[in-house]
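S.K.: In terms of the working numbering, the sequence shown has 38 at position 38, counting the first letter as 1, and numbering is strictly consecutive.
There's no promise every hint is true.
Claimed, not checked - In the SDA-like style, the derived pairs of lysine to any residue whose C-alpha atoms are separated by at most 20 Å in a straight line are:
no.: 1; residue 1: Lys-101; residue 2: Asn-117
no.: 2; residue 1: Lys-101; residue 2: Asp-140
no.: 3; residue 1: Lys-101; residue 2: Gly-48
no.: 4; residue 1: Lys-101; residue 2: Ala-120
no.: 5; residue 1: Lys-150; residue 2: Asp-140
no.: 6; residue 1: Lys-101; residue 2: His-38
no.: 7; residue 1: Lys-101; residue 2: Phe-36
no.: 8; residue 1: Lys-109; residue 2: Ile-125
no.: 9; residue 1: Lys-101; residue 2: Glu-128
no.: 10; residue 1: Lys-101; residue 2: Ala-64
no.: 11; residue 1: Lys-101; residue 2: Gln-33
no.: 12; residue 1: Lys-109; residue 2: Ser-98
no.: 13; residue 1: Lys-150; residue 2: His-119
no.: 14; residue 1: Lys-101; residue 2: Phe-39
no.: 15; residue 1: Lys-101; residue 2: Leu-113
no.: 16; residue 1: Lys-150; residue 2: Ala-139
no.: 17; residue 1: Lys-109; residue 2: Gln-97
no.: 18; residue 1: Lys-101; residue 2: Ala-35
no.: 19; residue 1: Lys-101; residue 2: Ile-86
no.: 20; residue 1: Lys-101; residue 2: Leu-32
no.: 21; residue 1: Lys-101; residue 2: Arg-42
no.: 22; residue 1: Lys-101; residue 2: Ile-161
no.: 23; residue 1: Lys-109; residue 2: Gln-99
no.: 24; residue 1: Lys-101; residue 2: Gly-126
no.: 25; residue 1: Lys-101; residue 2: Thr-34
no.: 26; residue 1: Lys-101; residue 2: Leu-90
no.: 27; residue 1: Lys-109; residue 2: Leu-90
no.: 28; residue 1: Lys-109; residue 2: Ser-121
no.: 29; residue 1: Lys-150; residue 2: Asp-134
no.: 30; residue 1: Lys-109; residue 2: Leu-130
no.: 31; residue 1: Lys-101; residue 2: Asp-162
no.: 32; residue 1: Lys-109; residue 2: Met-91
no.: 33; residue 1: Lys-109; residue 2: Asp-129
no.: 34; residue 1: Lys-150; residue 2: Gln-133
no.: 35; residue 1: Lys-101; residue 2: Val-43
no.: 36; residue 1: Lys-150; residue 2: Ala-120
no.: 37; residue 1: Lys-150; residue 2: Val-138
no.: 38; residue 1: Lys-101; residue 2: Val-60
no.: 39; residue 1: Lys-101; residue 2: Ala-40
Hint data in this document are derived by calculation from the structure and do not stem from the laboratory.
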Amino acid sequence: MPEQIIEPPDGTDALGSMPSTNSPSYATHSGLQTAFDHFASRVTRWAGSPTMFCLALGVVLVWALTGPAFNYSENWQLVINTLTTIVTFLMVFLIQQSQNKDSVAVHLKLNELLAANRHASNRMIGIEDLDEQDLREVADFYTRLADRAKQGGSDRRAYSIDDEGMPERLDRTS
Numbered sequence: 001m002p003e004q005i006i007e008p009p010d011g012t013d014a015l016g017s018m019p020s021t022n023s024p025s026y027a028t029h030s031g032l033q034t035a036f037d038h039f040a041s042r043v044t045r046w047a048g049s050p051t052m053f054c055l056a057l058g059v060v061l062v063w064a065l066t067g068p069a070f071n072y073s074e075n076w077q078l079v080i081n082t083l084t085t086i087v088t089f090l091m092v093f094l095i096q097q098s099q100n101k102d103s104v105a106v107h108l109k110l111n112e113l114l115a116a117n118r119h120a121s122n123r124m125i126g127i128e129d130l131d132e133q134d135l136r137e138v139a140d141f142y143t144r145l146a147d148r149a150k151q152g153g154s155d156r157r158a159y160s161i162d163d164e165g166m167p168e169r170l171d172r173t174s
């Protein structure tokens, strides 16, 4: 039996967490979350621009050129180490926020395609919430399904997880 996701009794997610797209609380709006999302999106687009790369390269070059003036001292080295550590630390959180949002959007788009395609199994919707071992079992199942399709030869029949059924342990409808 797959692990159950236990949500707080009020239906909300932990403070600041990225809620599961399968939870009702995902549809609620938070002003703070929305503001941070807009900020993170703008900063990550800006940080990934050629202008920012050139600016960062310029900072490193200025730092390197000032080395002789500071006798390549420990303080001179500390400046670049501190600067890069702070920027990296903050950017990790901003980039992760943007990645979380993009990931959720891709999952929702894939869920829509699965739901709209009558040949696709709706049981695959929300599969991203399975743990890694369960995902490995589904991947193994699809490997066997692909082998079965190859053995079919010129038969162009489409095979689906519904043909043989989801591995028992993963079938959430049972």
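S.K.: Run every hint past the structure and note whether it holds.
M.R.: Hint check results:
no. : hint               : verdict
1   : Lys-101 to Asn-117 : violated, 24 Å
2   : Lys-101 to Asp-140 : violated, 28 Å
3   : Lys-101 to Gly-48  : holds, 17 Å
4   : Lys-101 to Ala-120 : violated, 25 Å
5   : Lys-150 to Asp-140 : holds, 15 Å
6   : Lys-101 to His-38  : holds, 11 Å
7   : Lys-101 to Phe-36  : holds, 11 Å
8   : Lys-109 to Ile-125 : holds, 10 Å
9   : Lys-101 to Glu-128 : holds, 14 Å
10  : Lys-101 to Ala-64  : violated, 37 Å
11  : Lys-101 to Gln-33  : holds, 11 Å
12  : Lys-109 to Ser-98  : holds, 17 Å
13  : Lys-150 to His-119 : holds, 19 Å
14  : Lys-101 to Phe-39  : holds, 13 Å
15  : Lys-101 to Leu-113 : holds, 19 Å
16  : Lys-150 to Ala-139 : holds, 16 Å
17  : Lys-109 to Gln-97  : holds, 19 Å
18  : Lys-101 to Ala-35  : holds, 13 Å
19  : Lys-101 to Ile-86  : violated, 24 Å
20  : Lys-101 to Leu-32  : holds, 15 Å
21  : Lys-101 to Arg-42  : holds, 13 Å
22  : Lys-101 to Ile-161 : violated, 28 Å
23  : Lys-109 to Gln-99  : holds, 15 Å
24  : Lys-101 to Gly-126 : holds, 16 Å
25  : Lys-101 to Thr-34  : holds, 11 Å
26  : Lys-101 to Leu-90  : holds, 17 Å
27  : Lys-109 to Leu-90  : violated, 29 Å
28  : Lys-109 to Ser-121 : holds, 15 Å
29  : Lys-150 to Asp-134 : violated, 24 Å
30  : Lys-109 to Leu-130 : holds, 18 Å
31  : Lys-101 to Asp-162 : violated, 30 Å
32  : Lys-109 to Met-91  : violated, 27 Å
33  : Lys-109 to Asp-129 : holds, 16 Å
34  : Lys-150 to Gln-133 : violated, 26 Å
35  : Lys-101 to Val-43  : holds, 14 Å
36  : Lys-150 to Ala-120 : holds, 19 Å
37  : Lys-150 to Val-138 : holds, 18 Å
38  : Lys-101 to Val-60  : violated, 32 Å
39  : Lys-101 to Ala-40  : holds, 10 Å
This entry does not satisfy hints 1, 2, 4, 10, 19, 22, 27, 29, 31, 32, 34, 38, going by the numbered hints stated previously.
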